[in-house]
Amino acid sequence: MIPEIGHFALILALLLALVQGIPPLIGAHRGNATLMAVARPAAQGQFLFVAIAYGCLAYSFLVNDFSVANVARNSFSQLPPVYRFAASWGSHEGSILLWALILALWTTAVTIWSRHLPEDMSARVIGVMGLVSFGFLLFILVASNPFVRLSPAPMDGSDLNPLLQDPGMVFHPPMLYMGYVGFSVAFAFAIAALLSGKMDVAWARWSRPWTAVAWVFLSIGITGGSWWAYNELGWGGWWFWDPTENASFMPWLAGTALLHSLVATEKRGAFKNWTVLLAILAFSMSLVGTFLVRSGVLSSVHAFATDPTRGIFMLAFLGVVIGGSLALFAFRAAKMPTGGSFTWFSRESLLLANNVVLVAALGAVLLGTLYPLFMDALGMGKISVGPPYFNSVFVPLITPLLFLMGVGPLARWKQASLPAMAKQLRVALAIAATTGVLVSLASGSFKPMVGFGVALAVWIVVTIYLGFAQRLKYIGGPTLPALLKIPRGFWGMQMAHLGLAWVVAGITLVSGLETERNVKMNIGDTTHLAGYDFTFQGVSPHEGPNYRAASGNVEVAAGGKQLFVLHPQKRIYNASGMPMTEAAIDYGFTRDVYVALGDELDNGAWTVRVFHKPFINWLWIGGLFLALGGVLAASDRRYRIALRAAEAPAVAPQGAQA
Amino acid sequence: MKSRNKKLLAIGLAVVGLAIVAALVLNAFRNNLVFFFTPTQVANGDAPKDRAFRIGGLVVAGTIKRSADGMNAIFVVTDTAKTMPVSYSVKDNGPLPDLFKEGKGMVAEGKLGANGVFAATQVLTKHDENYMPPEAASAIAQAQKAQTLVK
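Chains as they are written, first to last, in the working numbering: chain A, 3 to 660; chain B, 15 to 165.
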């Protein structure tokens with residue numbers, strides 16, 4: 003009964019999406035206020051029914067209703083409740099439903115916080131989101147129904163893939179999807195601007211906080227995904243340039259470019275067309291990412307589906323959305339007025355350089371991700387493009403970007419003076435270079451790459467200091483009150499840049515300085531790595547809720563002093579019989595100690611893998627700062643003022659121009 | 015700056031950017047593309063001698079042998095037509111994946127040694143027991159197609 007209610011709710015949601023999509027767009031075109039007024043209630047109703055559908059699916063998982071095929075395939079009666087709930091998005095079907103739910107959630111947010119917009123603008127934005135939602139709901143009902151029943155129902159489920167049974171599974175997919183889908187708002191704003199032909203500065207201001215919030219979720223999602231891979235996959239790696247990772251990284255690159263381009267559009271009216279194009283690009287990359295991960299074209303942990311009809315539907319959907327928006331862009335963009343003037347060395351030109359580099363990096367990642375798929379599809383042989391390709395393309399592209407990140411925030415709009423800035427930045431360059439040389443010398447054997455990466459990070463940090471100094475001088479007066487006068491947008495930018503510097507430092511330090519040892523250990527054996535002594539005290543049996551494990555006892559000491567005991571596990575899951583390595587990690591601000599069990603040998607001996615990973619947690623700390631910066635930027639005063647000011651006279655200029 | 019010049023600047027930047035990216039990508043592709051070969055193709059001498067590539071197929075039952083210290087493994091991979099010996103150093107490359115088993119599919123990346131043994135630096139299996147890596151599946155399909163043609 004419950005699954006049928008869910009199915010029925012989905013059908014109603016599909017119809018409401020159509021109502022949300024078509025009448026408001028017609029209304030906005032004709033200036034019909036009645037049709038435009040349909041947008042909000044239809045969108046909220048659609049959210050209600052998608053939420054009911056999702057609730058039904060989650061309920062089926064929680065009560066172990068194995069007559070539902072999706073539950074039977076992805077859950078298990080012994081699975082802990084929290085993972086049963088998370089399993090509702092562990093499959094292809096469930097994850098697409100989550101996509102639709104989050105899209106409806108974002109749309110509802112827009113219906114609430116768009117009252118300050120002109121009525122035709124909000125009707126168009128909500129209408130476009132309704133059409134996107136229609137596409138997804140249709141896909142679910144036609145090709146990916148999570149409520150299909152099994153007859154006869156199996157006695158028990160075949161369990162959630164053990165790799166997904168991790169706290170990461172509870173947080174990572176919803177975060178990532180909040181980010182992916184959040185770009186649909188920026189996309190809808192861009193399409194609405196193209197439809198109305200009014201692409202003014204106000205448009206960029208409305209779009210900015212939405213873009214920033216989506217970007218925050220995506221940043222957290224990617225950071226969390228990386229942390230998850232590091233903890234769960236047992237290889238000690240944190241980024242593999244796997245197509246599924248690239249699928250989330252590409253929208254992030256496009257979204258980052260969009261955030262910066264929106265600044266120039268809002269402040270100076272510059273790059274209007276380009277900004278619209280980036281908004282389309284960011285959401286297109288989200289769709290491409292969903293397609294890559296969810297259509298089964300990849301063979302990886304995320305790609306569960308193997309049904310080609312889904313792939314074809316998604317490809318067609320992708321074609322309609324991307325092709326349609328680009329056609330609209332080509333048709334409308336030429337009519338948009340160009341913005342204010344600027345010289346070759348100015349805030350604008352530096353933001354443009356940022357955009358060029360980010361889009362170029364995106365292109366390189368996209369090519370490396372899709373090339374093997376094209377070659378395979380064309381029958382030209384199987385090829386793999388691995389981390390060496392991505393590193394050798396990405397690192398040289400991003401390096402100048404990191405350098406410019408120090409210059410851009412200090413440069414003036416319209417026209418900056420190169421000699422004056424060179425003078426201002428001389429000291430920063432000297433500090434960065436000195437630190438770089440010192441670090442590369444101090445890291446034992448001379449490692450120029452480590453020094454270079456640290457120098458870049460220090461460069462960014464010093465220029466952040468200079469940015470604040472410049473602001474304080476401009477505001478004047480004592481430091482503390484002046485600091486409070488600095489708008490949150492500025493704090494946010496600097497916080498995000500600081501986060502990125504932190505990530506860069508973490509990546510270069512851990513890549514350059516990490517050490518590893520694989521060794522056979524008899525009971526009582528000790529091995530040494532990076533000043534730590536690891537003593538293997540055998541394994542003991544351990545019973546988990548739905549698995550059995552051999553739990554190793556590894557005592558870690560340094561300088562003759564016992565520090566802690568780690569318990570890496572080798573698990574066998576009851577339902578699937580699938581083995582899995584669970585690494586044990588001692589976390590620290592300056593280093594992680596990581597132990598994993600390999601294979602059991604004779605007489606209780608095991609092969610053991612130990613890692614020493616200096617500064618690896620800086621990656622995730624930096625990622626959080628990055629996200630926090632986005633939160634600060636999105637909560638800047640002028641967006642809130644815009645909202646409050648609009649609450650009273652919101653009804654006044656109702657779509658008269660359309 | 016006039017809007018015409020601004021446009022020229024934008025186009026100029028884009029062209030320079032594109033050229034740099036194209037150069038980087040082509041260079042990286044030339045050095046880092048990893049091609050896939052089936053054991054049959056390797057037996058026919060199609061695989062490169064001095065360059066890393068990937069092979070795929072089934073691990074032949076009863077062929078996994080580990081050294082006493084567990085730090086080296088050798089096994090035989092087949093596409094059902096031809097077989098190929100593979101060596102793997104746990105010491106240098108870490109433990110074999112959890113789902114690496116006799117009779118199951120796998121993909122390995124490495125170089126062909128002078129002695130005809132494929133020295134793998136990375137062994138990949140899938141995250142699901144019954145899932146065949148697509149390269150391994152295609153290797154077997156190719157070999158079987160070739161056999162039916164011979165008959």
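Honestly, the hints are just simulated from the structure, not real lab data.
One should not assume that every hint holds.
[Stated by the list, open to error] Simulated crosslink set (BS3-like; lysine-lysine; CA at most 30 Å straight-line):
| hint | chain 1 | residue 1 | chain 2 | residue 2 |
| --- | --- | --- | --- | --- |
| 1 | B | Lys105 | A | Lys449 |
| 2 | A | Lys200 | B | Lys21 |
| 3 | A | Lys384 | B | Lys96 |
| 4 | A | Lys416 | B | Lys125 |
| 5 | B | Lys105 | A | Lys563 |
| 6 | B | Lys115 | B | Lys125 |
| 7 | A | Lys269 | A | Lys425 |
| 8 | B | Lys21 | A | Lys384 |
Keep in mind that this is a model prediction, so the values were computed, not measured.
Hint by hint, here is what the structure shows:
no.	hint	verdict
1	B:Lys105 x A:Lys449	24 Å, holds
2	A:Lys200 x B:Lys21	21 Å, holds
3	A:Lys384 x B:Lys96	19 Å, holds
4	A:Lys416 x B:Lys125	56 Å, violated
5	B:Lys105 x A:Lys563	28 Å, holds
6	B:Lys115 x B:Lys125	22 Å, holds
7	A:Lys269 x A:Lys425	26 Å, holds
8	B:Lys21 x A:Lys384	42 Å, violated
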